[in-house]
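Asks: Now for the letters of each chain:
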Amino acid sequence: MTDRVLIIGGGPAGLEAANQLNLLGYKPVIVEKDDTLGGHLAKWDRLFPEGESAETVLYKLIKPVEHTPVYLNTIVEQADKEGNHFRVKLSGGKEEIVSAILVCAGFSLFPAEKKEEYGYGIYNGVITSSDLEKWFKTGKGVNINNPSKVGFVHCVGSRDEKICNRQCSKVCCVTAVKQACEIKEKFPDSEVFCFYMDLRMFGRKYEDLYLKAQNKYRVRFIRGRVSEVSEDFTGKVVIKAEDTLSSKPLKVSLDLLVLMTGMISNSSIEELSGILSLNRAEDGFIEPADTITKMYDSGKEGIFLAGAVTGPKTIPETLSEARASALAIHNYLSNKAIQ
Amino acid sequence: MIVEGKKKIWSEYQKDIPDDHYFYVRSCIRQNFFPASEKVFLDIVRDRLGLDFFETPHHTTCGGIAYHSDSIPQETLMTIVARQFALMTEAGYENYVCSCITSFGIYNEIINTWFHYPELEAKIRELLWEASKREFKIPKSVVHASDVIYKLRNKILENGKYRLVNKNTGEPLRVVEHIGCHYSKMFPSKGVGGAEYPYVLTGMAEAWGGTVIDYPERRHCCGFGFRQYLVQANRGYSLSNTHKKFESMAPFKPDMIITNCPGCPYFLDRWQYVIEELEGKTYGADSKGIPVFTYEEVAGLVLGYDPWDLGLQMHQTAVEPLLDKIGITYNKEDKYKI
Amino acid sequence: MNRFGYRLSPSSQIDLDVSDNSLFRQILAGEPGISTCISCGSCVASCSAGVFDKISFRKALHLLEAGMDTEAVALLEGCMMCGKCTLVCPRGINTRHAIVLIKRKLNKG
Amino acid sequence: MSCITRCPRKNGPGLIIQALRNLSQELGYFIDSEKGRQQLVLNRALCGNILNYGYCVYPRTFHYSDHPENGPVGKLIEDNLEAVHKRVGSNLDGEGPGILRKIPQSDLDELKRIFDVTGATERMEKIETISKKRAKELGLSDEEYCRQIFTINSEEHYI
Numbered sequence: 031m032t033d034r035v036l037i038i039g040g041g042p043a044g045l046e047a048a049n050q051l052n053l054l055g056y057k058p059v060i061v062e063k064d065d066t067l068g069g070h071l072a073k074w075d076r077l078f079p080e081g082e083s084a085e086t087v088l089y090k091l092i093k094p095v096e097h098t099p100v101y102l103n104t105i106v107e108q109a110d111k112e113g114n115h116f117r118v119k120l121s122g123g124k125e126e127i128v129s130a131i132l133v134c135a136g137f138s139l140f141p142a143e144k145k146e147e148y149g150y151g152i153y154n155g156v157i158t159s160s161d162l163e164k165w166f167k168t169g170k171g172v173n174i175n176n177p178s179k180v181g182f183v184h185c186v187g188s189r190d191e192k193i194c195n196r197q198c199s200k201v202c203c204v205t206a207v208k209q210a211c212e213i214k215e216k217f218p219d220s221e222v223f224c225f226y227m228d229l230r231m232f233g234r235k236y237e238d239l240y241l242k243a244q245n246k247y248r249v250r251f252i253r254g255r256v257s258e259v260s261e262d263f264t265g266k267v268v269i270k271a272e273d274t275l276s277s278k279p280l281k282v283s284l285d286l287l288v289l290m291t292g293m294i295s296n297s298s299i300e301e302l303s304g305i306l307s308l309n310r311a312e313d314g315f316i317e318p319a320d321t322i323t324k325m326y327d328s329g330k331e332g333i334f335l336a337g338a339v340t341g342p343k344t345i346p347e348t349l350s351e352a353r354a355s356a357l358a359i360h361n362y363l364s365n366k367a368i369q
Numbered sequence: 002m003i004v005e006g007k008k009k010i011w012s013e014y015q016k017d018i019p020d021d022h023y024f025y026v027r028s029c030i031r032q033n034f035f036p037a038s039e040k041v042f043l044d045i046v047r048d049r050l051g052l053d054f055f056e057t058p059h060h061t062t063c064g065g066i067a068y069h070s071d072s073i074p075q076e077t078l079m080t081i082v083a084r085q086f087a088l089m090t091e092a093g094y095e096n097y098v099c100s101c102i103t104s105f106g107i108y109n110e111i112i113n114t115w116f117h118y119p120e121l122e123a124k125i126r127e128l129l130w131e132a133s134k135r136e137f138k139i140p141k142s143v144v145h146a147s148d149v150i151y152k153l154r155n156k157i158l159e160n161g162k163y164r165l166v167n168k169n170t171g172e173p174l175r176v177v178e179h180i181g182c183h184y185s186k187m188f189p190s191k192g193v194g195g196a197e198y199p200y201v202l203t204g205m206a207e208a209w210g211g212t213v214i215d216y217p218e219r220r221h222c223c224g225f226g227f228r229q230y231l232v233q234a235n236r237g238y239s240l241s242n243t244h245k246k247f248e249s250m251a252p253f254k255p256d257m258i259i260t261n262c263p264g265c266p267y268f269l270d271r272w273q274y275v276i277e278e279l280e281g282k283t284y285g286a287d288s289k290g291i292p293v294f295t296y297e298e299v300a301g302l303v304l305g306y307d308p309w310d311l312g313l314q315m316h317q318t319a320v321e322p323l324l325d326k327i328g329i330t331y332n333k334e335d336k337y338k339i
Numbered sequence: 004m005n006r007f008g009y010r011l012s013p014s015s016q017i018d019l020d021v022s023d024n025s026l027f028r029q030i031l032a033g034e035p036g037i038s039t040c041i042s043c044g045s046c047v048a049s050c051s052a053g054v055f056d057k058i059s060f061r062k063a064l065h066l067l068e069a070g071m072d073t074e075a076v077a078l079l080e081g082c083m084m085c086g087k088c089t090l091v092c093p094r095g096i097n098t099r100h101a102i103v104l105i106k107r108k109l110n111k112g
Numbered sequence: 056m057s058c059i060t061r062c063p064r065k066n067g068p069g070l071i072i073q074a075l076r077n078l079s080q081e082l083g084y085f086i087d088s089e090k091g092r093q094q095l096v097l098n099r100a101l102c103g104n105i106l107n108y109g110y111c112v113y114p115r116t117f118h119y120s121d122h123p124e125n126g127p128v129g130k131l132i133e134d135n136l137e138a139v140h141k142r143v144g145s146n147l148d149g150e151g152p153g154i155l156r157k158i159p160q161s162d163l164d165e166l167k168r169i170f171d172v173t174g175a176t177e178r179m180e181k182i183e184t185i186s187k188k189r190a191k192e193l194g195l196s197d198e199e200y201c202r203q204i205f206t207i208n209s210e211e212h213y214i
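Residue numbers (the working numbering), protein chains in the order written: chain A, 31 to 369; chain B, 2 to 339; chain C, 4 to 112; chain D, 56 to 214.
Any given hint could be a false lead.
[Claimed, not checked] Which chain C residues stay away from chain B? Per the calculated CB distances, all over 10 Å, these: (1) Lys62; (2) Met71; (3) Glu80.
[Stated by the list, open to error] The list that follows gives simulated cross-link-like pairs (lysine-lysine, DSS-like), each with its CA atoms no further than 30 Å apart: (4) A:Lys73 x A:Lys170; (5) D:Lys167 x B:Lys124; (6) D:Lys130 x B:Lys326; (7) B:Lys282 x A:Lys278; (8) C:Lys87 x A:Lys278; (9) C:Lys62 x A:Lys242; (10) A:Lys281 x C:Lys87; (11) A:Lys179 x B:Lys245; (12) B:Lys152 x A:Lys144; (13) A:Lys179 x B:Lys9; (14) A:Lys93 x A:Lys235; (15) B:Lys336 x D:Lys141; (16) B:Lys152 x A:Lys192; (17) D:Lys130 x B:Lys338; (18) C:Lys106 x A:Lys278; (19) B:Lys134 x D:Lys181; (20) A:Lys144 x B:Lys326; (21) A:Lys164 x B:Lys8.
[To be verified] Across the chosen pairs, the derived CB separations fall in these ranges: (22) D:Pro127 x A:Ser178: 45 to 55 Å; (23) D:Pro159 x C:Ser14: 43 to 53 Å; (24) A:Pro141 x D:Ser161: 50 to 60 Å; (25) B:Glu136 x D:Gln160: 20 to 30 Å.
Treat the hints as calculated values from the structure; they're not laboratory data.
Fair warning: this is a prediction, and the values are worked out from it, not measured in the lab.
Where is the CB? At the ideal position from N, CA and C, for every residue including glycine.
One chain only, chain A, in its complex shape (with noise of 0.2 Å):
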């Protein structure tokens, strides 16, 4: 019975599983799509709701598995269950015998562009939240300088049947506020809207970073859900919207406007779930056994889940899922060692 495990992603999740079971004297080894861990965490700049720096974050995760192997630039092709045990083949003909996988393989941003009357691509002004923490990262990617308006949309790509995503993704509305006082620290003269149709601040202190916004950011929060983006003479960007607390059509015209793109399932995991037949739902996530009591089983027999590869998350739960995960595959081997 070898107390190797597989953790099929090295984001914030398959990263604290890997600590975690480490800790529990496994010999977890993490396999990762891309070229460095940490996911989507490794490229944003701070964090909701106290600004904390994602870097530390990622550090406090990546330090205690520094030790662990870990395949980067590599998917899993394949993985058969022999007995106890799984046998499976990495892409590069590389193969790991594990007793468990943990499927912690995260979620993909909804590419901006599918929100077609929003221009994203086509008009200079529209970048994406995630260009936006880049930028604040490493001042790279997209140009920001000086904007005298700057806007916000909440929902984009999310709770929208003609994207086919009528999921809330959780954790835009919150970012873009985040988002709507680090632009006003930076350009204080700045005027900031946000365009939400509801705000949803669900989180302990994310109501306090609301009312900031409000009263020390004076950002402006506008009830209408953008419905069109084009761009004037002048290269400004044009939005029409209907402020629906007041009943009346609105237009503005900004420097620069921020897509809040929302979480769908993650690109590759189609091509997962066949390998490892998990039950996907029909909104691209993977359907855990039981999403009350049993979320980290995937209801294949020591094949596990954690994070947002099971739906929209914050960090903060993302992690817990992930020490529950390591928990399950530990009291799983430990009666498969008894048997």
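Fit chains B, C and D to the given chain A structure using the hints.
Replies: Frame of chain A, contents of chains B, C and D only:
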């Protein structure tokens, strides 16, 4: 503006437009206000390019304007359309091409409704049989006449005599393209280029040497709105929509407007006249108004037709400034010679 | 009416590029709390004059912020200054003070 | 129908409004609103054109006096209708296919039967009877009533 972004979207909406053997039906409004456009269309496809476009004298209106003005119930509209399809089936055709955008929206809406509610289709078949003893097949493909000209745009260029280029400066003409709302807003996949950045007219304008302007109110309706125009009391709403578009496109100084719907060229043209009368305001580079064309008229100009054979004398906003810019030879006296 | 029998209808669209919300900013300076309004409607629900008059402090704030001062003030004419809205405001805004500022600004203006 | 492109729940707001308008005609409520009363002149113009000529819009019933926005060119066209259409290649009131051809009576009869079997005729008659009743209540002749509903706009939408 990053054009690659648009190109990527255009590539996702590759609509299948049959090459030949079409059953052609006319548009009520265009026959009234742009008759020459329909004549030029058949002239190009039949006489110049030798394609098979059949027209039966027995076809009628599709009833679209009455339907959108709530004058006839949906079943009546569907049965009239079923009759049109029956005429096509009897003539042995499968490809249906209509000259009117409102009709194009009606045909797509009905076929899609029947797809979701087969029992409604069955009821309409009975009603048609009861009324006219006819049976019909749903066309294999329904396209709009502008799709056909779009597909032939390069052939037209090859036979072309003029291009949408300013003769003196050599600069491409600045073209505003206005797409009829019912072309792809209801069913994006039914329009070349989708609903947000339709390519059917842009493709023509660019192929013939022009450059297309993207202004904030590009996607806004021309204001026809059926009951908004037909009843005089409501026409203020229709006028205001066109006014909103012209105020938005004015800074871009367009040379011409190309349209593919029956109503838009009439309204974008006539409302300029009314805005000048009421507000004393004109648009266009030399504020003599921005001439508005149907796509067949523009195709005709490129091919070297005489402007007065194209029916340009039926426009209110003067077309001569545009003809001079391109360098098209015409003689003024013939304009209103009947 | 002109010979055509119809005229341009004014657009009801709020254009934030041109709308002048200086009155709103003056009231904001006097009562900063109004920036934290979350449009929950408690004030309107509890308003004593609410059932007899189309009064709405919530909507008035919105219209003020969009620069539509006359429509906004029209919604406050019926206010009897009883202060019940201040009692219920979940953001602790001194709504009555804001209404006083609005009315004072307008009588002087 | 620009609303259909944008609804994130795949609804058709324009179609809902159309259904409500049809319902208000079925139940007779249309007569109580300024825009609703206009249905009479719409029916007469459009259904008249369809049943008599086979077109939704027909040049001989499109009078410059009702459409001054057609401009001086429109007046010229109206005054020389046959000649202008001949010049641009129409087949105005002619036999066989072509622009504005005379649609054979047999086809018009079929349209009439379609109107009868699908409820359009019944709908037109309902609008006529209710409208005539209202005109009488207002003490207006049919012509005066039609002129009023065709031209009056209370502009309360303008705020």
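Asks: Take the hints in turn and mark each one as holding or not.
Replies: Hint-by-hint comparison with the structure:
With a least beta-carbon separation of about 25 Å from chain B, C:Lys62 lies farther than 10 Å from that chain, consistent with its non-interface assignment. Look at C:Met71: its CB is around 19 Å from the nearest CB on chain B, clear of 10 Å, so calling it non-interface holds up. Residue-level check passed: C:Glu80 sits 30 Å from the nearest beta carbon of chain B, beyond 10 Å. Between A:Lys73 and A:Lys170 the CA atoms are separated by roughly 12 Å; this keeps the pair inside 30 Å, and the hint holds.
Restraint check for D:Lys167 and B:Lys124: the C-alpha separation of about 18 Å stays at or below 30 Å, so the hint holds. Annotation: proposed proximity of D:Lys130 to B:Lys326 holds, straight-line Cα distance about 28 Å (limit 30 Å). Proximity of B:Lys282 to A:Lys278 is assessed by CA-CA distance (about 27 Å); at most 30 Å being required, the pair is judged to hold. With a CA separation close to 28 Å, the supplied pair C:Lys87 and A:Lys278 stays within the 30 Å bound.
Proximity of C:Lys62 to A:Lys242 is assessed by CA-CA distance (about 22 Å); at most 30 Å being required, the pair is judged to hold. Of the supplied pair hints, the one linking A:Lys281 and C:Lys87 is violated, its CA atoms being roughly 35 Å apart against a limit of 30 Å. Our distance criterion of 30 Å between C-alpha atoms is met by A:Lys179 and B:Lys245, whose separation comes to about 23 Å. Straight-line distance between C-alpha atoms of B:Lys152 and A:Lys144 comes to about 26 Å, which keeps the hinted pair within the 30 Å bound.
Between A:Lys179 and B:Lys9 the alpha-carbon distance is near 29 Å, which keeps this suggested pair within the 30 Å criterion. Straight-line distance between C-alpha atoms of A:Lys93 and A:Lys235 comes to about 28 Å, which keeps the hinted pair within the 30 Å bound. For the hint pairing B:Lys336 with D:Lys141, the CA-to-CA distance comes to about 14 Å; that is within 30 Å, so the pair holds. Of the pairs offered as hints, the one joining B:Lys152 and A:Lys192 holds, with about 29 Å between alpha carbons and a cut-off of 30 Å not exceeded.
For the hint pairing D:Lys130 with B:Lys338, the CA-to-CA distance comes to about 15 Å; that is within 30 Å, so the pair holds. Under the criterion of a C-alpha separation no larger than 30 Å, the hint pairing C:Lys106 with A:Lys278 is consistent with the structure, at around 24 Å. For the proposed pair B:Lys134 and D:Lys181, the alpha carbon gap of about 28 Å is at most 30 Å, so the pair holds. For the hint linking A:Lys144 to B:Lys326, the alpha-carbon distance of about 39 Å lies beyond 30 Å, and the restraint is violated.
Our distance criterion of 30 Å between C-alpha atoms is met by A:Lys164 and B:Lys8, whose separation comes to about 26 Å. Between D:Pro127 and A:Ser178 the CB atoms are about 47 Å apart, so this pair conforms to the stated range of 45 to 55 Å. Distance hint check for D:Pro159 and C:Ser14: the Cβ-Cβ separation is about 47 Å, which falls inside the suggested range of 43 to 53 Å. The beta-carbon spacing between A:Pro141 and D:Ser161, approximately 56 Å, falls within the hinted interval of 50 to 60 Å.
For B:Glu136 and D:Gln160, the Cβ-Cβ distance of about 23 Å falls inside the hinted range of 20 to 30 Å, so the restraint holds.
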